[in-house]
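With the hints as constraints, model all of the structure from the sequences given.
The listed protein sequences correspond, in order, to chains E and Y. By my numbering, the letter at position 83 of the first sequence is numbered 1007, and the numbering carries on one by one without gaps. By my numbering, the letter at position 78 of the second sequence is numbered 77, and the numbering carries on one by one without gaps.
Warning: the hint list may mix true and false statements.
Restricting the straight-line Cα-Cα distance to at most 30 Å, the calculated cross-link-like pairs of lysine-lysine (DSS-like) are [to be verified]: (1) Y:Lys112 <-> E:Lys995; (2) Y:Lys2 <-> Y:Lys112; (3) E:Lys927 <-> E:Lys977; (4) E:Lys977 <-> E:Lys995; (5) E:Lys995 <-> E:Lys979; (6) Y:Lys69 <-> Y:Lys112; (7) Y:Lys37 <-> E:Lys979; (8) Y:Lys69 <-> E:Lys927; (9) E:Lys994 <-> E:Lys927; (10) Y:Lys112 <-> E:Lys981; (11) E:Lys994 <-> E:Lys942; (12) E:Lys927 <-> E:Lys981; (13) E:Lys927 <-> Y:Lys112; (14) Y:Lys69 <-> Y:Lys37; (15) E:Lys977 <-> Y:Lys2; (16) E:Lys994 <-> E:Lys981; (17) E:Lys937 <-> E:Lys994; (18) E:Lys937 <-> E:Lys979; (19) E:Lys942 <-> E:Lys981; (20) Y:Lys37 <-> E:Lys927; (21) Y:Lys2 <-> E:Lys979; (22) E:Lys981 <-> Y:Lys2; (23) Y:Lys2 <-> E:Lys937; (24) E:Lys979 <-> E:Lys927; (25) E:Lys937 <-> E:Lys981.
Honestly, the hints are just simulated from the structure, not real lab data.
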Amino acid sequence: DVKVTQSSRYLVKRTGEKVFLECVQDMDHENMFWYRQDPGLGLRLIYFSYDVKMKEKGDIPEGYSVSREKKERFSLILESASTNQTSMYLCASSLGGRTLEAFFGQGTRLTVV
Amino acid sequence: AQKVTQAQTEISVVEKEDVTLDCVYETRDTTYYLFWYKQPPSGELVFLIRRNSFDEQNEISGRYSWNFQKSTSSFNFTITASQVVDSAVYFCALSEAYSGTYKYIFGTGTRLKVLA
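Okay, here's the thing in structure tokens:
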């Protein structure tokens, strides 16, 4: 079974803090994604990566950055957390190409106070 | 532009009723893929089905069935004899084969509540 693991289920951080959300997949997938889920807005893509050290902006990259130093790990970084970044963050991975389904982690619910 | 619309925000049914979740998509690509995911209260999205644009055959898997109609750009999902365990948020998603990006475009989701 494909396993996508996010480091935390719940996080509470203060405004202005630097926040790291970690995601690891164990199926040697080329593609990895970070989505943000908000009520009424569905899933919105923040960043994705199609190879090690390769990344592309999604629909809402402002305020975020990412790192992919190893194939299995994709990190989302909030350089200076703000209250409007309070949300559910979902990591996903998929095999090369965009035709196959993505597999998701359990999500990290981040609260910025 | 690519877009997925799930007009039903929330649906409530009584157990054993049939329920259909609607999904309408927009794309300019002739080759594309459609997906349904289930998100139970635990939070993890679970893959249910993938359909490519060249295969309009309906699919049935147990109590689940999917109706893909290119003429109306719809990919609807029906649960027959619903159960409480079907309560979840369901997402429809689109992926285009030849667009310049790798992203999956998701709808806003439909929350299904099945009452005992």
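Under the constraints set out in the numbered hints, which ones does this structure not fulfil? 1, 8, 10, 23
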